[in-house]
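Here is what each chain is made of, one letter per residue.
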Amino acid sequence: MRKILTVARWEFAEKVKTKSFLISLLLTPAIIIAFTILPALLAGSEGDSTEVVGLIDQSGLFFNNIKAELEQYQIDGYQPAYLLVNFSTTGISLQELKKEADSMVIKGNIEGYLAVSRNGENYKLEYRSMNPGNLKHTKRFEKAFNNARIKFELNSSGLDPEVVGSILSNVDLKEIRLDKSGKENESGFLEIFFTSFIFIMILVLVILTSGGMLIRSVVEEKSNRLIEILVSSCTPEELLTGKILGLSSLALFQLLIWSTFGAALSGYNMIPASAFNNIGPMFIYFILGFLLYTALFVGIGSIVNTEQEAQQVTGYLSLLLLMPVVFAISTIENPDSELVKVLTYIPLTTPAVMLLKLNIKLVPLQELIITVSVLLFSIILIVYITARIFRIGILSYGKAPNVKQLIQWIKEK
Amino acid sequence: MLVSEHLRKEFKNVVAVDDISFQILPGKIFGLLGPNGAGKTTTIRIILNILKPTSGTVVFNGQNISSNLYNKIGYLPEERGLYKKSRVKDVISYFARLKNLSAKETVEKTAVWLKKLDIPNAAERKIQELSKGNQQKIQFIIAVIHNPELLVLDEPFAGFDPINQQIIRENILNFSKEGKVIILSTHQMETAEKLCDEILLVNKGKEILKGELSSIKKKFGGNFVKVGFKGDPGSISSCNSVRHMDSYNGYAEIQLQDEIPPPQFLREISSKVEISHFSVIEPTLNKIFIDSVKAGGSL
Numbered sequence: 001m002r003k004i005l006t007v008a009r010w011e012f013a014e015k016v017k018t019k020s021f022l023i024s025l026l027l028t029p030a031i032i033i034a035f036t037i038l039p040a041l042l043a044g045s046e047g048d049s050t051e052v053v054g055l056i057d058q059s060g061l062f063f064n065n066i067k068a069e070l071e072q073y074q075i076d077g078y079q080p081a082y083l084l085v086n087f088s089t090t091g092i093s094l095q096e097l098k099k100e101a102d103s104m105v106i107k108g109n110i111e112g113y114l115a116v117s118r119n120g121e122n123y124k125l126e127y128r129s130m131n132p133g134n135l136k137h138t139k140r141f142e143k144a145f146n147n148a149r150i151k152f153e154l155n156s157s158g159l160d161p162e163v164v165g166s167i168l169s170n171v172d173l174k175e176i177r178l179d180k181s182g183k184e185n186e187s188g189f190l191e192i193f194f195t196s197f198i199f200i201m202i203l204v205l206v207i208l209t210s211g212g213m214l215i216r217s218v219v220e221e222k223s224n225r226l227i228e229i230l231v232s233s234c235t236p237e238e239l240l241t242g243k244i245l246g247l248s249s250l251a252l253f254q255l256l257i258w259s260t261f262g263a264a265l266s267g268y269n270m271i272p273a274s275a276f277n278n279i280g281p282m283f284i285y286f287i288l289g290f291l292l293y294t295a296l297f298v299g300i301g302s303i304v305n306t307e308q309e310a311q312q313v314t315g316y317l318s319l320l321l322l323m324p325v326v327f328a329i330s331t332i333e334n335p336d337s338e339l340v341k342v343l344t345y346i347p348l349t350t351p352a353v354m355l356l357k358l359n360i361k362l363v364p365l366q367e368l369i370i371t372v373s374v375l376l377f378s379i380i381l382i383v384y385i386t387a388r389i390f391r392i393g394i395l396s397y398g399k400a401p402n403v404k405q406l407i408q409w410i411k412e413k
Numbered sequence: 001m002l003v004s005e006h007l008r009k010e011f012k013n014v015v016a017v018d019d020i021s022f023q024i025l026p027g028k029i030f031g032l033l034g035p036n037g038a039g040k041t042t043t044i045r046i047i048l049n050i051l052k053p054t055s056g057t058v059v060f061n062g063q064n065i066s067s068n069l070y071n072k073i074g075y076l077p078e079e080r081g082l083y084k085k086s087r088v089k090d091v092i093s094y095f096a097r098l099k100n101l102s103a104k105e106t107v108e109k110t111a112v113w114l115k116k117l118d119i120p121n122a123a124e125r126k127i128q129e130l131s132k133g134n135q136q137k138i139q140f141i142i143a144v145i146h147n148p149e150l151l152v153l154d155e156p157f158a159g160f161d162p163i164n165q166q167i168i169r170e171n172i173l174n175f176s177k178e179g180k181v182i183i184l185s186t187h188q189m190e191t192a193e194k195l196c197d198e199i200l201l202v203n204k205g206k207e208i209l210k211g212e213l214s215s216i217k218k219k220f221g222g223n224f225v226k227v228g229f230k231g232d233p234g235s236i237s238s239c240n241s242v243r244h245m246d247s248y249n250g251y252a253e254i255q256l257q258d259e260i261p262p263p264q265f266l267r268e269i270s271s272k273v274e275i276s277h278f279s280v281i282e283p284t285l286n287k288i289f290i291d292s293v294k295a296g297g298s299l
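Note that the protein sequences, when read in sequence, are chains A and B. The letter at position 283 of the first sequence is residue 283 when you use our numbering, and the numbering goes up by one with no holes. The letter at position 55 of the second sequence is residue 55 when you use our numbering, and the numbering goes up by one with no holes.
Since the hints were made in silico from the structure, they are not lab data. It cannot be assumed that every hint is accurate.
Said to hold, decoys possible - Stretches of chain B that chain A covers, calculated by requiring three or more beta carbons in the stretch to come under 8 Å of a beta carbon on chain A:
#1 86–96
#2 228–235
What the hints assert, rightly or not - Residues of chain B clear of chain A, computed beta-carbon distances all greater than 10 Å:
#3 73
#4 83
#5 109
#6 160
#7 162
#8 167
#9 174
#10 223
#11 250
#12 255
Cβ coordinates follow ideal geometry from the N, Cα and C atoms, glycine included.
Please work from the sequences and hints to get the whole structure.
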C-alpha cells in the first residue's frame, strides 16, 4: 500500500507541475465555453448593426404588418435590428423591380430583400441576398410574413382585429420537471445544456488529458527503461494502481478548481444554480467513467512503444469517448428511445448517457443501481485485464502485439 | 548468498535461458558475461523477479526471490534514462521511497551520495541540465541509495569517462568489501577482468564457461608469451612452435604449441629478430571470451 501511495504521489506531483496540466486547466473551460455557451449566446444575440432589408410586394398589403412584426427585434434594447424599405412601385413589373433590387444587393446598399408574389391562391416568398443562409434572419422573415398574411386574411374575413391579435399571440412552452418530493424545477434547454453537456465535455477532456499524460508517462518509462527499475522496486500491480490513483487525484484536483470557479459564477447567476441539483449522482458517474477510461489508457500505454503510436490509439479512444456527445442531442430529445436504453448499459457510454439523463428525467433507483453495478464490474474486469497486459507489455519492446498475443498475455501465469 | 538453479526461460519461439546455474557468495563480484543476445538480460530479469522463469529457482539468503525482497535489491539497467524534466532530488527521492527509505533517510543519503560521486550541488537541478556522465551517476545513486544486499549492475561503466569510471569502480569495490552480493553484467572484458572474482560466460542462453577468474585463466593460460621485437613479424609467425599470433606495434602476443616451453621458443626466435621484451603471460579474458564464443560449445 505504501508503495502504491509513493507512486501516486510522484505521478501527481510531477504531472501537476507540467505545462500540459496548466494548459488543460485553462484550455478546458475555454473549449467548453467555445463549444457550448458561445454558440448559445451568439444565436441569441443580435448583430452589431441594423440590417436594411427591402420588400417588393406589388399587392401593397403586407408592408406595414411585416414592418411591425420585425420591430420586435432590437439590438441592445433600443436600436431596431431591421429596417424594412418598401421597393414596390406600381406600374413596373416584378421582374424589373427584382432586377433593380438585385443590383442594390450586389452593390451592398441593402443586405437583401423579400419578394412577395401571388399565383392564384398561393403566395410565393423569396428572400434574395448575397448571404441567404442566415437561419436567424430567414426564420424571422418567414414568421413575420406569415403572421402578416394570416392577420390580413383573418381581418378580411370580417373578424374583429382584437380577436385576430389574440389568436395570433404566441404561447411559449415551459418545461417543469418534478422531483420525488414534488418540488418543481424549471428545466429549460439552458439548464440541461449547462449541467449535462458541460459535465460530459469536462469528462471527455479530463479523460483525454489525464489519459494522454498517463500513456506518455508509461511510454517514457518504457523507452528509457526506468520501468525496469520500477518493477524491481514494486509489483506491476502496485505501479498500475499507483498511476491510476495519482492521475485520478490530479483529475479531481482539476475538477475542484473548476467547481470553485463554477460555484462562484453560479453566485453571479451566470450558471443556473439548478445545474448542481444532481451533483451527487453525477459525481459518481463522473468518477466511475474516469476510472474506466483511465484503466483502458494504461493498458494501451503498456503495449505501445512510441509517442506516435500512443497518439494514434488515443485518437481512436477519443472517438469512442465522443460517441455519447454525438448522441447527446437525441438523448435530450428522447431519453426513452431504444438507442438511449442500449447506450445506458454499454459501460463505455454509460457515464455520459447517465450524466445527460439525470438532468432530463427522473431516473428510477433501479436503473441507478444497475448502471453503477455494471460500471463497477467493468472497471474491476478492465483493471484485472489491464494489469495482466501491463505486467508483460511494459517489458516488451518492438512491434505492438496483435490480439492473439494479447489474449496469450492475459492468460499467462 | 544468491543461488540460482537450472534457470530456464522460454519465449514463444526461443529458449532465451537454458539451464543456467550459479552461486554467489557475499562479498564476491560475479561477472555475467556474454555477447549481445546471449541471455544476460533475461537472466538478470529473472533474478530481479521481473520475469518468471519457465523452470528453475532463485534463492537469496534462504528466501525464494519475490516482491518481498525488492527493498534489498539494487538495479542499474544497461539502457539509461531518467525523468528528464524532474529535479535530481525528486527523482532520487522517488526511487528511494519506493525502496521503503523514510523521508528523512532519503534526504540524508541523497546528500551523502551526491557528495561521494562528486556532484554535491546537483540536487536542485533538473536532470536534463546535467551532463550525460552526471546523469549516469544519478542512476548509480538510485541503484545503491537503499544500501541493497544484492546489487545488479548491467554495464555500469558504459558512458563514463576514465576518471568517473574510477570513482564508480571504487564504490563497487566498497560494496563488495561490505559483503554485498554483486552481479556485474558486461561485454567489456577489461572491466570484468579488473573487478570480478568469478565469472559465468553465456552464449545463446547456455553456460559456456564458469568459475573463479584466476583458475579459468590458469586453465587457459598454458602457453602464452609476449614478445617485443624489431624485424619481420612473418619470420616469427612462420615458426612451427606458434599456434596463434596477434601482433601490433612491435609487440606480439603468441600462443605456443602445448609441448613447446617458452625458453625454447625464445632461443628459436632470437636468431630471427632483435628481441627487446619477452614475457610469459596469462591470456586476457577478452581472448578467452572470443575463443570460447567462437568455439561455441561448452569447455
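Checklist entry - Failing hints, ascending? => result The structure breaks hints 2, 3, 4; every other hint is satisfied.
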